[in-house]
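K.L.:
Here are the chains, one letter per residue:
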Amino acid sequence: MDTSLELRIHALMVGARVLEEQLIAMTRSGDGYFWIGGPGEEAFNVPLGLLVHKGEGPAFDYLHLHYRSSATLLAMGAAPIDTLRQMRSVATDPYSGGRNFVNHYARHDWNVVPVTPTIEVQYAQAIGTAHVQRRAGGEGITIVNGGDAGAAEGDFATSLVWSSRPGQELPILIVVANNHYGISTEQRTQWAMSDIASRAEPFGIRHARVDGCDPRASYAAIAEAMAYVRAERRPFCLQADVSRLHGHSSSTGGGLVAERDGLLEYEAALIAEGKLTGEQAAAVWDERRRALKADLETVRGEPFPDPSTIHAHTFYEGEVR
Amino acid sequence: MDTSLELRIHALMVGARVLEEQLIAMTRSGDGYFWIGGPGEEAFNVPLGLLVHKGEGPAFDYLHLHYRSSATLLAMGAAPIDTLRQMRSVATDPYSGGRNFVNHYARHDWNVVPVTPTIEVQYAQAIGTAHVQRRAGGEGITIVNGGDAGAAEGDFATSLVWSSRPGQELPILIVVANNHYGISTEQRTQWAMSDIASRAEPFGIRHARVDGCDPRASYAAIAEAMAYVRAERRPFCLQADVSRLHGHSSSTGGGLVAERDGLLEYEAALIAEGKLTGEQAAAVWDERRRALKADLETVRGEPFPDPSTIHAHTFYEGEVR
Amino acid sequence: MATMAQAIRLALHYGEENLGVTDVFGEDVGPPLGGVFTCTQGLRTAWNSPLDERGIVGMATGIALAGGRPVAEIQFCDYMFNAIDLLKLAGNASWGSNGAYHLPMVVMTPVGSGIHGSMYHSHSVESVLTHIPGWKVVMPSTPLDAYGLMLAAIEDPNPVFFLPPKALLRTKGEEPIPGEPEDARELHNRIDAPLGDRSQWKPDWPEVGRHLVPIGKAKRMREGRNATVLTYGRLAPVCLEADKQLRAEGFSFDLFDLRSLVPLDWDAIVASVSRTHRLLVVNEDTEVTNFGEHLIRGVIDRAFGELEAAPVLCAGADVPGIGMAWSLEAASVPQLPNVIAAMRALAVAPAREAGGRGFLELPTRLARYR
Amino acid sequence: MATMAQAIRLALHYGEENLGVTDVFGEDVGPPLGGVFTCTQGLRTAWNSPLDERGIVGMATGIALAGGRPVAEIQFCDYMFNAIDLLKLAGNASWGSNGAYHLPMVVMTPVGSGIHGSMYHSHSVESVLTHIPGWKVVMPSTPLDAYGLMLAAIEDPNPVFFLPPKALLRTKGEEPIPGEPEDARELHNRIDAPLGDRSQWKPDWPEVGRHLVPIGKAKRMREGRNATVLTYGRLAPVCLEADKQLRAEGFSFDLFDLRSLVPLDWDAIVASVSRTHRLLVVNEDTEVTNFGEHLIRGVIDRAFGELEAAPVLCAGADVPGIGMAWSLEAASVPQLPNVIAAMRALAVAPAREAGGRGFLELPTRLARYR
Ligand SMILES: Cc1ncc(C[n+]2csc(CCOP(=O)(O)OP(=O)(O)O)c2C)c(N)n1
Ligand SMILES: Cc1ncc(C[n+]2csc(CCOP(=O)(O)OP(=O)(O)O)c2C)c(N)n1
Ligand SMILES: [Mg+2]
Ligand SMILES: [Mg+2]
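Line by line, the protein sequences give chains D, S, P and Z. So for the first sequence, this note's numbering puts the first residue at 54; every next one is plus one. So for the second sequence, this note's numbering puts the first residue at 54; every next one is plus one. So for the third sequence, this note's numbering puts the first residue at 196; every next one is plus one. So for the fourth sequence, this note's numbering puts the first residue at 196; every next one is plus one.
Please note that the accuracy of each hint is not assured.
Unchecked claim - Computed footprint of chain Z on chain D; a stretch qualifies when at least three of its residues, placed anywhere within it, have a C-beta under 8 Å from a C-beta of chain Z:
| no. | region |
| --- | --- |
| 1 | 61-73 |
| 2 | 185-197 |
| 3 | 205-212 |
| 4 | 355-361 |
To be verified - From chain S, some residues computed to sit far from chain P (all C-beta separations above 12 Å):
| no. | residue |
| --- | --- |
| 5 | L60 |
| 6 | G190 |
| 7 | G203 |
| 8 | P219 |
| 9 | E239 |
| 10 | A261 |
| 11 | R287 |
Stated by the list, open to error - Sample of chain P residues at the chain S side, in silico, Cβ under 10 Å:
| no. | residue |
| --- | --- |
| 12 | L214 |
| 13 | D247 |
| 14 | Y274 |
| 15 | D387 |
| 16 | S394 |
| 17 | V514 |
Hints in this document: simulated from the structure, not taken from any laboratory. Just so it is clear, CB atoms sit at the ideal spot from N, CA and C, and this is done for glycine as well.
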């Protein structure tokens, strides 16, 4: 991995972290009610976003993400201000028009399908986009991401069963972001295994586990898994062990918790390796923080949704695609 | 296994087969509308029924059966005439009072919980009786049985997840009766693996596969699995490869299909081993057929449910247990 | 004449060839069976899924998200209750993304009683499904309507439930599908899969034509004056027969097969009630929080002043299942005698007396008609 | 005074100690959290389940089948839609086995809007749940009723849905629970889990007493003459406030908190409508196939002649979700001004004119009250 990519990953991780911190601050300043997001997953989610084949339609990758995927969106090029808009529920929120929770993305031009408010259902939906891609051929794949606890829902098994049907194998990368908790419930109290991806084994689905707090290891693991899925048109199941740095959500306080911080580790490593100075790193943080502050001011000036639009799009009103 | 047990198994298998044939005939004689049942599963289901610790309450075994379990019920001592009653939907049907399909058993005094009309849900319910038994201690276990195709529902995974929680392992025998079909759909077109019980492996759940057309092998495998579950208070997953001798149900005709017949194989073996003569075997069949004919005459004289009872038991009317 | 199952098959064939249908799938939908009701025999894009309704609904959603046009079958509507969340999510994809996504998908699932389906296999689902916003809901009662509603459902950019009544799938209609061979035997020979080995079989499709039944338009089956009767599905032909028998007694009814439950044809309904001043709703779902109660409330909202007798719901008994024994099934879902009794009772109910509170309190519970 | 969350906790404690409750479980129900709404903190039998609602309902069913007495929590009612089949099966265990089995189980799940739950986390579920035969359905609007209904639910031999409104879980009541300490701080110190490390914490339970609210009895919150108002849950206190404000204008309402949706207290409802001759139903579920429509139909069945104006439903807009922005939430579920407007409009609607068809067609759609 060359240094420019390493620095780009660092900057994106910082941008994602700062964005999440801003969102949490907004729950306290009355700029939003509820926060849920991905601080602690940047080391995995940024590489994921960078490796996506971004575009519209089956030739590009479909993303079935979860509510901790902000870093993936930013790495794909999303504007942070749009996440602030969703947080404040203003009409300009491009993902849901102020209708959905923050970090619940939906972008048609990038194949980011609506992040679902219910846990794990994306694993049952992802087989559908992958099915279209299997038939289309090419290199487009489907990526589905969710948490460890949620894999207890039957939908995780559904993704394994349907993606490994003999002769009908699906080009799908099935990710489990294992932060070892579902809200307050520890994984080790509910799961017989520590590597949930190993559930793919009896299905003959290749699987791996990666340190999701290490962006370089994550980049390599994702690249390898994706290469396999793109070329072989077969499923791959990848567990990333990640952190949940601000706890579950604003409902559980949103304060910082004592877990590994992949971003700080990575930054320290880059500095130790001489690829970044302490000042340069600080500048990256500052710049992002400043930019976001300005963004927030912009967003504060934007209107809330007009109540008279309440019925809009109940049925599709756009052009039929 | 001593010869008397072998002969008992034979007689029970014949009784179950003859019962199922009678049920199929009843769809043609206007004595019932719909048949579904277990011809081809006797070699597994009779040993299962014989090995059950039969009784009421958590000290005894709970049975979450499927609609092919007639032989298990007969082996436990059920009267064949009661199945004819359910087939004809008469008011005397002790399992559902003429309300449910044939072979949908429910017997409180034997811990046979209601057979569900939907596939696989019993796997999600069985964890509950097993949970009570885990807490109760003793030797009572839960047995859940269903088909191969149905294991694609998330409920199969639910049974694996919930029965292997660290420190909360459940005394449950999870059976998959693999007849290689779901209605018309071949297992090999939908499943990456031929041994569905191997899905238990990543959960650290012991598992095995047995020739469910061989009653002696089945008896041994069930006995071993049960001994483990009873003593260790841990789950065990067992796949039995069985036949579906009259196809899926009366909806697909109910005619005999060309598959292995474990009963005929077993009978031939017993004769070859000198444990049974051809005449003795024929007599067993005759006796069962004759008895069933008489039973059918009795049932034909019994009344259909009174329509005025339609609301009865919507809410519980009995004594609170 | 085609049966309803054949009509659906022809519609799906038309959809594959002309409307961009990419996938017709579900349990036993592909070869060799072609559906437990034969609705999908011989279709080019039909395939068998795993036995997993959540996977089926999820797969359909994903296909539609990726620009495909799926028709997913849930083998019996009774198996859909483990996937209501996924259906709700499909229904809110457009609204929730503020219009960024839309899901042109059809979920086809046979509904209702009348085939000895017993306790659990006899559900009506319209009360649950009409309560899921973002979905359209259609239910045919004739083969031609099945054909036309399926074409309309496929063309619709929204998710649509297509709900053929189980009990009518094998019945023939009175109007031909455009392009259907005149001889029913010929149709049978050309498009019904043979018994026995089917591995070499291919259907010989007739050239069927474009015929859409617009979603949202009710069909007035009979014109009459004693009351407006709203029904759909299995009970549409039952109500027709009841009307026929009651005409012999001098009554007549303005009889509607709604066909489309979401959206509703309120114009037609209100116009009729404003003429007959009486309303009967006939369906077979259980009576508590029943879609027919929505119809009654909708009429009250729009035309309460027009009602000269209490509007009546004739629906299924509020019991947890349909008994297997025919004596029980007949006692829990409306049958012809119940419908006749309800129609007659409404027709003869005295109009409310001037100035008083003298409305006849009509017994609307099914049990009371027995 | 206890909050509703504390009241539920006290009831579950009473249930564990006196009514044979064996398991209180669900996602995050056990230590350390004791429920996302704190309803299950410190309970002896509380435990954390995997994140699997089908497993939770199945587990509860199995426990009840084996003679246990479970209270299962679905964390938000919004997560229950993947398990409707299992709920239906629980509801038909007694009927389907002709009385051999019965399932004494409680499913507790917080319902409704009002906590900024956004698109999917704000569901009302009574329209779906009242349509599942074999279940009783209760919904408290005060802590004391929550206590008494939970005790009754636990004692009931049937499956019971216990549906506390999300928005009311943190509110206090006006009537104490028998045995509750007088000082709210004392109660807090004794039974609320501390912040921070809880591993050594044990609650110091007060000696609470037996207080049952019989299932099937509505509570008349206010007596009045202009109309009968039926409501429940989050909107009960809203209706109370509306009544209070309208009394200043000279109106008064016969206001009922139904508390029990299945079975219904028809006697009380019909008696009231026979006195006021007008009916308003207020709830927040979406308006198509809404449980309130069942209430209206039920009154029509029993007392149509008593109605001197069209019965009115004030309910949630028929949209696929509740908008996150408050401007949207307020536009899709009834708020105090909508309720006041509906009550006033009904009170002033002219009685139908003698002999004519002059009923006022009341606008009942929420949108029209804005
Ligand atoms: C079907 C469903 N059940 C429960 C919830 C409530 N809930 C939201 S997040 C969460 C925990 C998820 O844990 P995990 O899958 O490990 O993901 P994480 O939040 O840890 O990233 C729960 C229980 C939900 N949103 N949907
Ligand atoms: C939830 C549900 N889906 C579908 C069905 C319809 N159905 C009944 S049996 C069956 C096939 C079951 O196959 P398998 O699980 O292998 O059991 P088998 O019948 O082969 O013993 C199907 C699809 C059902 N009853 N329930
Ligand atoms: Mg987690
Ligand atoms: Mg099978």
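K.L.:
Run every hint past the structure and note whether it holds.
P.N.:
Hints versus structure:
no.	hint	verdict
1	61-73	violated (count 0)
2	185-197	violated (count 0)
3	205-212	holds (count 3)
4	355-361	holds (count 5)
5	L60	36 Å, holds
6	G190	33 Å, holds
7	G203	5 Å, violated
8	P219	27 Å, holds
9	E239	8 Å, violated
10	A261	23 Å, holds
11	R287	27 Å, holds
12	L214	27 Å, violated
13	D247	4 Å, holds
14	Y274	6 Å, holds
15	D387	16 Å, violated
16	S394	13 Å, violated
17	V514	6 Å, holds
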